[in-house]
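A.B. asks: Listed below, chain by chain, are the residues.
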Amino acid sequence: EDQVTQSPEALRLQEGESSSLNCSYTVSGLRGLFWYRQDPGKGPEFLFTLYSAGEEKEKERLKATLTKKESFLHITAPKPEDSATYLCAVQGYSSASKIIFGSGTRLSIRP
Amino acid sequence: GAGVSQSPSNKVTEKGKDVELRCDPISGHTALYWYRQSLGQGLEFLIYFQGNSAPDKSGLPSDRFSAERTGGSVSTLTIQRTQQEDSAVYLCASSTQGANQETQYFGPGTRLLVL
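Residue numbers (the numbering used here), protein chains in the order written: chain A, 1 to 111; chain B, 1001 to 1115.
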């Protein structure tokens, strides 16, 4: 059964303090791994899709990386506006229509 | 362009009543998904539409839940005889179908509270 586990559940950082969020997954044939950002009271906002181990993608202060078992979302010199819940999700070939989401990491950046 | 829209944004109902939640996907998106998000939890897959057909209904939690899509566009999620455990945010997403185009665009959600 496809599964996604995110850690930590919550992370509080000082502005400018870099860190990483973890997403561990098990899937029978990875079709894609997705990162989303969700602000309170809003729907998730797409950030990245990764397809194969070794792939990396960047957007502003965020960089996502992928191995065969996990993905990391690296946040460099974060700002208060980066505060949000970050969701990881996987899509496998065995059930291409179903995307399995983790429970997210709540990130809080203090000024 | 317009994104995914959902209505109502909030719904309060009494236990035992039926509710209908609506989703308008991005124009031209053939795939449509419904998810449920309970407080502090991740997204729980409910159902997937490709066009007007639903090849995957495996996430619907009970036979009180049903969904339809008409004209390859608007979708309605219906919950019959609502229970308190149905209280959650119901999110809709749409996407184009094609090679490596599985990015889902989400609506703002409908917050359902069953009293």
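Quick caveat, the hints were computed from the structure, so don't treat them as lab data.
Note that this is a predicted model, so its numbers are computed, not measured.
Hints should not be assumed to be uniformly reliable.
As the list claims (entries may be wrong) - Partial selection, computed: residues in chain B whose CB lies under 10 Å from chain A: (1) Ala1002; (2) Val1004; (3) Gln1006; (4) Gln1037; (5) Gly1042; (6) Glu1044; (7) Phe1065; (8) Cys1092; (9) Thr1103; (10) Gln1104; (11) Tyr1105; (12) Gly1109; (13) Arg1111.
Claimed, not checked - Label-pair restraints from in silico Cβ distances: (14) B/Lys1017 - A/Glu70: 18 to 28 Å; (15) B/Thr1030 - A/Lys68: 24 to 34 Å; (16) B/Leu1039 - A/Phe46: 20 to 30 Å; (17) A/Glu15 - B/Gly1051: 39 to 49 Å.
What the hints assert, rightly or not - Calculated lysine-lysine pairs in the DSBU-like style (CA-CA distance at most 35 Å, straight line): (18) A/Lys59 - B/Lys1015; (19) A/Lys68 - A/Lys98; (20) B/Lys1015 - A/Lys98; (21) A/Lys63 - A/Lys98; (22) A/Lys79 - A/Lys68; (23) A/Lys69 - A/Lys98; (24) A/Lys57 - A/Lys79; (25) B/Lys1057 - A/Lys69; (26) A/Lys59 - B/Lys1017; (27) B/Lys1011 - B/Lys1057; (28) A/Lys59 - A/Lys69; (29) A/Lys57 - B/Lys1057; (30) A/Lys42 - B/Lys1015; (31) A/Lys68 - A/Lys42; (32) A/Lys98 - B/Lys1057; (33) A/Lys59 - A/Lys79; (34) B/Lys1015 - B/Lys1057; (35) A/Lys69 - A/Lys57; (36) A/Lys79 - A/Lys63; (37) B/Lys1017 - B/Lys1057; (38) A/Lys68 - A/Lys57; (39) A/Lys79 - A/Lys98; (40) B/Lys1017 - A/Lys69.
C-beta: ideal position from N, C-alpha, C; glycine also.
A.B. asks: Taking the hints in turn, state whether each one holds.
C.D. replies: Right, here's what the structure says about each hint:
no.	hint	in the structure
1	Ala1002	violated (14 Å)
2	Val1004	holds (7 Å)
3	Gln1006	holds (8 Å)
4	Gln1037	holds (9 Å)
5	Gly1042	holds (4 Å)
6	Glu1044	holds (8 Å)
7	Phe1065	violated (16 Å)
8	Cys1092	holds (8 Å)
9	Thr1103	holds (5 Å)
10	Gln1104	holds (7 Å)
11	Tyr1105	holds (7 Å)
12	Gly1109	holds (5 Å)
13	Arg1111	holds (8 Å)
14	B/Lys1017 - A/Glu70: 18 to 28 Å	violated (44 Å)
15	B/Thr1030 - A/Lys68: 24 to 34 Å	holds (31 Å)
16	B/Leu1039 - A/Phe46: 20 to 30 Å	holds (23 Å)
17	A/Glu15 - B/Gly1051: 39 to 49 Å	holds (47 Å)
18	A/Lys59 - B/Lys1015	violated (45 Å)
19	A/Lys68 - A/Lys98	holds (20 Å)
20	B/Lys1015 - A/Lys98	holds (30 Å)
21	A/Lys63 - A/Lys98	holds (25 Å)
22	A/Lys79 - A/Lys68	holds (30 Å)
23	A/Lys69 - A/Lys98	holds (19 Å)
24	A/Lys57 - A/Lys79	holds (20 Å)
25	B/Lys1057 - A/Lys69	holds (28 Å)
26	A/Lys59 - B/Lys1017	violated (45 Å)
27	B/Lys1011 - B/Lys1057	holds (24 Å)
28	A/Lys59 - A/Lys69	holds (22 Å)
29	A/Lys57 - B/Lys1057	holds (33 Å)
30	A/Lys42 - B/Lys1015	holds (26 Å)
31	A/Lys68 - A/Lys42	holds (31 Å)
32	A/Lys98 - B/Lys1057	holds (10 Å)
33	A/Lys59 - A/Lys79	holds (14 Å)
34	B/Lys1015 - B/Lys1057	holds (24 Å)
35	A/Lys69 - A/Lys57	holds (17 Å)
36	A/Lys79 - A/Lys63	holds (15 Å)
37	B/Lys1017 - B/Lys1057	holds (23 Å)
38	A/Lys68 - A/Lys57	holds (16 Å)
39	A/Lys79 - A/Lys98	holds (33 Å)
40	B/Lys1017 - A/Lys69	violated (44 Å)
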